[in-house]
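Participant: So you can see what is in the structure, the chains are spelled out below.
Protein chains: 2
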Amino acid sequence: MKKIMNAPENYVNEMLEGIYLAHPDYVTHAGENLRCLVTSKIVEGKVGIATGGGSGHLPLFLGYVGKGMLDGCSVGDVFQSPSAEQMLEVTKRIDTGAGVLYIYGNYNGDIFNFEMAAEMADMEEGIKVEQVVAGEDVASPQAAPGEKNTRRGVAGIFFVYKCAGGAATAGKELSEVKRIAEKAASNVRTMGVALTPCTVPRVGYPGFEIAEDEMEIGMGIHGEPGIRRGKLESADEITTEMLEKILKDIPYESGEEAAVLVNGLGATPLDEQYIVARRVHQILKERGIEVYRYYVGEYVTSIEMAGLSISLLKLDEELKGYLDAPADTPFFKQGNV
Amino acid sequence: MKKIMNAPENYVNEMLEGIYLAHPDYVTHAGENLRCLVTSKIVEGKVGIATGGGSGHLPLFLGYVGKGMLDGCSVGDVFQSPSAEQMLEVTKRIDTGAGVLYIYGNYNGDIFNFEMAAEMADMEEGIKVEQVVAGEDVASPQAAPGEKNTRRGVAGIFFVYKCAGGAATAGKELSEVKRIAEKAASNVRTMGVALTPCTVPRVGYPGFEIAEDEMEIGMGIHGEPGIRRGKLESADEITTEMLEKILKDIPYESGEEAAVLVNGLGATPLDEQYIVARRVHQILKERGIEVYRYYVGEYVTSIEMAGLSISLLKLDEELKGYLDAPADTPFFKQGNV
Chain A
1 MKKIMNAPEN YVNEMLEGIY LAHPDYVTHA GENLRCLVTS KIVEGKVGIA TGGGSGHLPL
61 FLGYVGKGML DGCSVGDVFQ SPSAEQMLEV TKRIDTGAGV LYIYGNYNGD IFNFEMAAEM
121 ADMEEGIKVE QVVAGEDVAS PQAAPGEKNT RRGVAGIFFV YKCAGGAATA GKELSEVKRI
181 AEKAASNVRT MGVALTPCTV PRVGYPGFEI AEDEMEIGMG IHGEPGIRRG KLESADEITT
241 EMLEKILKDI PYESGEEAAV LVNGLGATPL DEQYIVARRV HQILKERGIE VYRYYVGEYV
301 TSIEMAGLSI SLLKLDEELK GYLDAPADTP FFKQGNV
Chain B
1 MKKIMNAPEN YVNEMLEGIY LAHPDYVTHA GENLRCLVTS KIVEGKVGIA TGGGSGHLPL
61 FLGYVGKGML DGCSVGDVFQ SPSAEQMLEV TKRIDTGAGV LYIYGNYNGD IFNFEMAAEM
121 ADMEEGIKVE QVVAGEDVAS PQAAPGEKNT RRGVAGIFFV YKCAGGAATA GKELSEVKRI
181 AEKAASNVRT MGVALTPCTV PRVGYPGFEI AEDEMEIGMG IHGEPGIRRG KLESADEITT
241 EMLEKILKDI PYESGEEAAV LVNGLGATPL DEQYIVARRV HQILKERGIE VYRYYVGEYV
301 TSIEMAGLSI SLLKLDEELK GYLDAPADTP FFKQGNV
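Protein chains in written order, with full-length UniProt numbering: chain A, 1 to 337; chain B, 1 to 337.
Any given hint might turn out to be false.
When chains are identical, the list treats them as one kind, so a pair holds in a single copy or across two.
As the list claims (entries may be wrong) - Capping the alpha-carbon separation at 25 Å, the derived lysine-lysine pairs in BS3-like fashion look like this:
hint : residue 1 : residue 2
1    : K320      : K92
2    : K41       : K333
3    : K2        : K245
4    : K128      : K41
5    : K128      : K67
6    : K148      : K314
7    : K320      : K183
8    : K320      : K128
9    : K285      : K248
10   : K248      : K92
11   : K333      : K320
12   : K46       : K92
13   : K248      : K320
Simulated from the structure, these hints should not be mistaken for laboratory data. Predicted, not measured: the structure shown is a model, and the values here were computed from it.
In isolation and in its complexed conformation, chain A is listed as follows (with noise of 0.2 Å):
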């Protein structure tokens, strides 16, 4: 894949250099390491959210940190974790007093160096940390009932994100706003299909091979298998038995509530989307259940990965009273605030 970029190894940094210079506004780093991403606008006596993970998902992480959501985000390299110590230079940094709640995907290399985190934070800087893990790919192994959650975080970490936003924003407390997030994180289901493969730029060769004709149903963002590979169907195929591995996984009743979020990975234009979400809307419909509000675009990528995921929220009145908060971030804009 051809690249719009300079050296290999100044990828990350220099795309963060353009995001502050653009942003200046929204975001800042704390300390030296452009890593460490933090608000402009730290709100005191207000939980503090921060995420993190590797780089090559943007809008995700950074884009989502403005008023009403994040408020820090450490990255690494392409697909790698941070390190801890940039977590709690993150934490240190937003931390006002109320305590700060991790949010992040189900990774190992994420889930080893943010705990290091909030221990450290914990220890040596007397700052409370909570920790939600996303992890809703339904293409991904599901654990036994009580055990730990062995599903990858994808593109549904975004609800998580705007749910626990809007309570932190509404002023609630730490432990509030970890069940707002672990709420939202339990009720939302993800599906993808992958076209084509992404290359991580100081790689500088596709992660894996796909001919043509092919498809692949559930990979992962990074790559990971998915469920079946096959010859590429129409949307409407593709739609249906995407979302039927949702609704099987999570049953909606008749009259109940989702919200929608249809996100390309990357090379897949705004077009197909929409013809997706047409699709997502009539198998809703026939099933009787309503449509509270639809996202569609790309926010949750993987570099130039062809490919689109369909995640489905599902909502009470609680969760919609925070998905309906504003919300102001370099990516994502809602009602006034």
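Dock chain B against chain A, hints included.
Facilitator: Chain B alone, transformed into the frame defined by chain A:
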């Protein structure tokens, strides 16, 4: 290129169905024809602003219909002009007595159909229509002074929409909204680079070929030939070449201000767009040009083409005011409306 679609002949209408289902608060269609899109919230007494052109450029045009920007648009098939009848339908729906301004890109098919629609609106409906044709692609040939503009309209039209929309929303009359649109159109310049072709769904094969190690500087958004084809260079080299061509075409004095749009053409990740924004900032700083605001992302695409464009809008106090005005559309939100 693989596409997530159903029958190619339904591509545009199914995309439109998705848009109407996803954004009912923002847009609806005028009459039965899905391809005549209008705002759900007509503002009485305001000058109406309409645009249109071929599909395949989302979020252009549909994504900019809403408060503070456009009131309607008509679209054709992918890369095909809409008909004069469609434009007339949109015009009738959005006129509330203050007249309608058409803003569209400098392409023969669009000019022909929009001029006919303007004539029909005047003759048959008594609606006063003015027109501004946006053409700012520095890579296309420039007409002699005083001659009709021969340049292609590309991503810079976003700035024309934004400023004209600000003026119309401020209650300016038709001649004044037209003057502002013309001023924005004459102050903006764009240069693009393409790395891969794109495929019109009904055609089924790419519009051109380009080698795996090549780029084309100055290619148009429908694959029109650019200025030169060569080996893929670094982001800094590409940015420098593109920006020099823009700054030679519309010179800036030290201390003058610009708005900058770094626009992804479809398959190019945001990361790369920010790497380019970083270099744009360095070059403008060296020349003493102040950047008033950055816009980075996919604003005007070419289906799944890889590449990007840089647009500069030269600002004065008047344009800054209209650029700052709040807007709320499916794809562009700014400030509190």
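Participant: Please go over all the hints and tell whether each is borne out by the structure.
Facilitator: Here is what the structure says about each hint:
{"no.": "1", "hint": "K320 <-> K92", "result": "neither (31 Å within a copy, 38 Å between copies)"}
{"no.": "2", "hint": "K41 <-> K333", "result": "both (16 Å within a copy, 20 Å between copies)"}
{"no.": "3", "hint": "K2 <-> K245", "result": "between (34 Å within a copy, 23 Å between copies)"}
{"no.": "4", "hint": "K128 <-> K41", "result": "within (21 Å within a copy, 47 Å between copies)"}
{"no.": "5", "hint": "K128 <-> K67", "result": "within (22 Å within a copy, 43 Å between copies)"}
{"no.": "6", "hint": "K148 <-> K314", "result": "within (21 Å within a copy, 56 Å between copies)"}
{"no.": "7", "hint": "K320 <-> K183", "result": "within (12 Å within a copy, 43 Å between copies)"}
{"no.": "8", "hint": "K320 <-> K128", "result": "neither (28 Å within a copy, 44 Å between copies)"}
{"no.": "9", "hint": "K285 <-> K248", "result": "within (16 Å within a copy, 56 Å between copies)"}
{"no.": "10", "hint": "K248 <-> K92", "result": "neither (42 Å within a copy, 47 Å between copies)"}
{"no.": "11", "hint": "K333 <-> K320", "result": "both (16 Å within a copy, 21 Å between copies)"}
{"no.": "12", "hint": "K46 <-> K92", "result": "within (14 Å within a copy, 50 Å between copies)"}
{"no.": "13", "hint": "K248 <-> K320", "result": "within (23 Å within a copy, 52 Å between copies)"}
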